[in-house]
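Engineer: Sequence:
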Amino acid sequence: MEALSSRARPGSRMGSTLDRFRTSQASRSAMFRAPLVPMPTSRETISTAVASPNAAARCAGDTEKQASTNNRRPHRTPNTPGMWTGVPIVRQSASRVDAGRVHDESCAVSKAPLRASAAIALFVFGFGCQGQSETAAPLLLGDALDDAAPPLLSRTRPLMSTVFRIQIDAAPGNAENVIRQAFEEIERLENVLSEWRDDSDISKVNKLAGRKAVKVGDDTLRVVDAGIDVSMWSRGAFDLSWAALWGLYDFRPDSIKIPTPEQIKPRLGLIDYKKIRVNKKYKTVFLKKRGMTIGTGGIAKGYALDHAGAILRGGGVESYMIFGGGQVQVHGERDGRPWRVGIQHPRDPSTYFAALESTGASFSTSGDYEHAAFDGSGKRWHHIIDTKTGRPADKSLSVTIMTSEGIYADALSTAAFVLGPRKALKMLKRIAYPAEAVIVGADCKVYMTPKAKNQIRMNVELVDGRLPNCKP
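Residues in the sequence shown are numbered from 94 upward in steps of one, following my numbering.
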């Protein structure tokens, strides 16, 4: 896996930024505090896997809605690379690119068609829902850490072209209402941030690219601003304007479409985060060049998890796990111990090669095994696109990012995947935003940030630093 985590570089503003961040996030600083224990082999594992198309029926069974909240984040620091966040145990054999990630839409009943919103390298290009179900649907998080633990209250709902699940331990009396509010908040954010809705802030900004600035709401302002943060941190490995590549790729196995270099080249000139202008005073966003398009697929889901989590905590829920489209956020304890998250082997979907535990963190995983297809020659094509080349990034097999905010974990995991292990780790080291990473490079070698090394429990024995049973 890759350690894709982006932080701003140290600079005149970074020290104070980090202090503010640590102070504001104190309640969630237990991210890596709990010791890890061996990964379980049964239901104890919390996972996100790809199911068969029949999963849609299950997904539709116990849906809910959502509510709202605001999250704080550190100010952006100039010239700092960013990484992408990876979700633990993500097994999605997807078919489309969505904001830096391919998602199976068989469970998604979202009003907006699935779109290529592959932030940074995870582009799911233009073959969204539009009445077509995907070949696989993400399986929601496991229902329990072990059979002896009390049952979890678990609810799911199709939103943002994927399926969100909220699980609560030791639920309060108003749990159902609080969960409903959390889902309603995610839905509200989808309506504001989706590039598939003509009336969304993002669509309005895209339509007026090169012509005029567009007044937007606070949520859009924050997501775009955070996207620029990660774009700067990663020096374009993640680029919020990646959406100029929409429609070029189709990663569904039964209808794979790969663009020619001639088709890609003119689009690359429209990708440049430096041409995105945000005016916080007047709350406007402006794309300086006609034809530019921004997409929030690689960052909006993480932001939605942050809001949903804030609503749950505000409603008295002290122990929960939220999963949505490759993103996981945990808070509190499950039956007296930290929530456990496993990291999937990128070439063996039945194996979790490592485990992490946390009482308060956001995880994001990006992998080339998600939403991937093979052409006639047997070459793998996946949804994580390097915006410098317009082709799938080839320096990583998997990246998992662990940080305190979903909005940054989401985008950083994508950035880290594109950068590759060594550049991703260097980026994480120099930026001031705290993030940890576990990365599997293209050579199957496992790379980690120092803290991750101290917190991870390996479930397989590495051979010369490489995963066993792993082929690039």
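There's no promise every hint is true.
Unchecked claim - Pairwise CB distance ranges (calculated):
no. : residue 1 : residue 2 : range
1   : Ser443    : Gly407    : 13 to 21 Å
2   : Lys373    : Ser443    : 45 to 53 Å
3   : Thr353    : Gly471    : 15 to 23 Å
4   : Lys308    : Asp441    : 47 to 55 Å
What the hints assert, rightly or not - Straight line, CA to CA, 35 Å or less: simulated DSBU-like cross-link-like pairs of lysine-lysine:
no. : residue 1 : residue 2
5   : Lys538    : Lys376
6   : Lys519    : Lys481
7   : Lys522    : Lys374
8   : Lys481    : Lys350
9   : Lys297    : Lys564
10  : Lys516    : Lys350
11  : Lys374    : Lys308
12  : Lys368    : Lys297
13  : Lys305    : Lys373
14  : Lys376    : Lys472
15  : Lys481    : Lys373
16  : Lys297    : Lys367
17  : Lys516    : Lys546
18  : Lys376    : Lys300
19  : Lys373    : Lys546
20  : Lys368    : Lys300
21  : Lys350    : Lys300
22  : Lys544    : Lys481
23  : Lys516    : Lys373
24  : Lys305    : Lys544
Since the hints were derived computationally from the structure, they do not count as laboratory data. No experiment lies behind these values; they were computed from the predicted model shown. C-beta: ideal position from N, C-alpha, C; glycine also.
Engineer: Identify every previously stated hint that the structure contradicts and give their numbers, smallest first.
Structural biologist: 1, 5, 9, 14, 19, 24
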